[in-house]
Amino acid sequence: MSALAAALRKDLLLQWRTRAQVVAIFVFGASALLLFSFAIGPHAAALRQHAAGFLWLALLLSSTLALAESFQSEMEHRALEGLLLLPADARALYYGKAIANALQLTLLGVALVPVMVVLYDAGTARLPALLGIIVLGSAGLSAPGTLYAAMTAQARARQTLLPLLLFPLVVPVLLAAVKATSLLILGDPMGQIRSWAVLLVSFNAIYWSLCGLLFERVVED
Amino acid sequence: MHLTPRRGTGRTSAVTGLAVEAEGLGRRYGRRWALRDVSLAIPVGSVVMLAGRNGSGKSTLLRVLATAIRADLGTARVALHDVRTERREVRKRVALLAHHSHHYEALTPRENLAIAASFLGREGDRPRLLALLGRVGLADRADDPVSTLSAGMRKRLALARVLLQDAAVLFLDEPYGELDPPGFHLLDRVIGELRAGGATVIVATHLLERGRALCDRALVLEEGRLVWSGPAAEVPEDAAAGGPTS
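Heads up: the sequence lines are chains A and B, in that order. Counting along the first sequence from 1, when you hit position 7 you're at 7 in the numbering used here, and nothing is skipped either side. Counting along the second sequence from 1, when you hit position 130 you're at 1130 in the numbering used here, and nothing is skipped either side.
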């Protein structure tokens, strides 16, 4: 537990020191939302209907930048290798980084919601529920994303490889998050949101346990 | 073989026998063998020079022994533990000063050491971190980002991190590289103190004169093979420039 706390502290400190990058990623996500709105055109109903999908697409695209960046500092001077040689527990390192990434993506998602409201006129009064879906969706992107970011961190084509590997794997998370967010925005007369939330929790349980087990194999020679 | 704690850290190392023993070690990168059939035995408490030209396999050997990479062939035991099957136990007892300094550019030297200390379970030992930074001459730059430090200062930070580990076996890969003359003297002094503390030190270097003065024994690698071993004082003059010819 203390190793996990140490890993989380380290990753949060690194994120704080490179916060200019986080701002750039937010601007990227907001720009994506703006461009998607252009694709729909000035149709208020259509914009509202597609708002949830575009919010999660913007978050997914931004997440690949954030996840790749989170391993940049680990590889620059082989800092991750240095920690493993201390020896730091590989699982603690994984969970520390995955939690820090999930927090960053959650913040990014929360920051993108007002942009979505302005551009798509798609608000909801159920803010705690929306926050819950953003937390679950961000965690579902972060768990496999952190593992794949570690795998691709030393590859030359990492900016291409990471989305290629990540996107197919997170389709269920994306579907569930889009459906749940859409129900929050457009209304949920049949009470379906709970089942989508349960699906998100299930995928998170699988990803977080499996990726934690695989991380050591990925980062050790 | 007896085991005793070293410097009150609760870690153990052999006080008799061998600190490092390897048999038939081989490691390749792609199709090129960087290490071939290397066998060696290094007694506990000795200071050993590892010489050989660029690309002779010095760094690879140190990285295999420190468990940073795996050997493709052969076996090795460091501080009585197998580098292949007991990596964690080996890592608790060794420290590696590598070409890559293992630090975070965006953080300060103090924060980098604090992170290492927290993983070593010594987060409360702040005075020691400052003392370590002072020992390597970085006290006045303790709170500047590492990205603003010179290459020599980064090497000093890497040295402080290695010392923080309080290891029984230390692998120093080109430790003099990028250091200034005061840095050379600092490193000589540190190696002397490590020897006095009972640590085993393996130093990969091209500086034969320094190695002769500091080390007990020497090993010379050439094209991945161990081609010479003996007292450091007798290491051949051409050991760092293509291997001994006799």
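Just so you know, these hints were derived from the structure itself, not from any lab. Just so it is clear, the structure is predicted and the values come from calculations on it, not from any experiment. It is possible that some hints are incorrect.
[As the list claims (entries may be wrong)] Reference listing, derived: stretches of chain A covered by chain B, where coverage requires no fewer than 3 residues with Cβ under 8 Å from a Cβ of chain B:
| hint | region |
| --- | --- |
| 1 | 28–40 |
| 2 | 64–77 |
| 3 | 86–94 |
Glycine residues also receive a C-beta, built at the ideal position from the N, C-alpha and C atoms.
Hints versus structure:
1. Counting residues of the region 28–40 of chain A whose C-beta sits closer than 8 Å to any C-beta of chain B gives 0, which falls short of three, so the coverage hint is violated.
2. Interface restraint, the region 64–77 of chain A with chain B: holds (3 residues with C-beta to C-beta distance below 8 Å; minimum three).
3. With 3 residues having a Cβ less than 8 Å from any Cβ of chain B, the region 86–94 of chain A passes the three-residue criterion, so the hint holds.
Violated hints amount to a single one, hint 1; each of the other numbered hints is respected by the structure.
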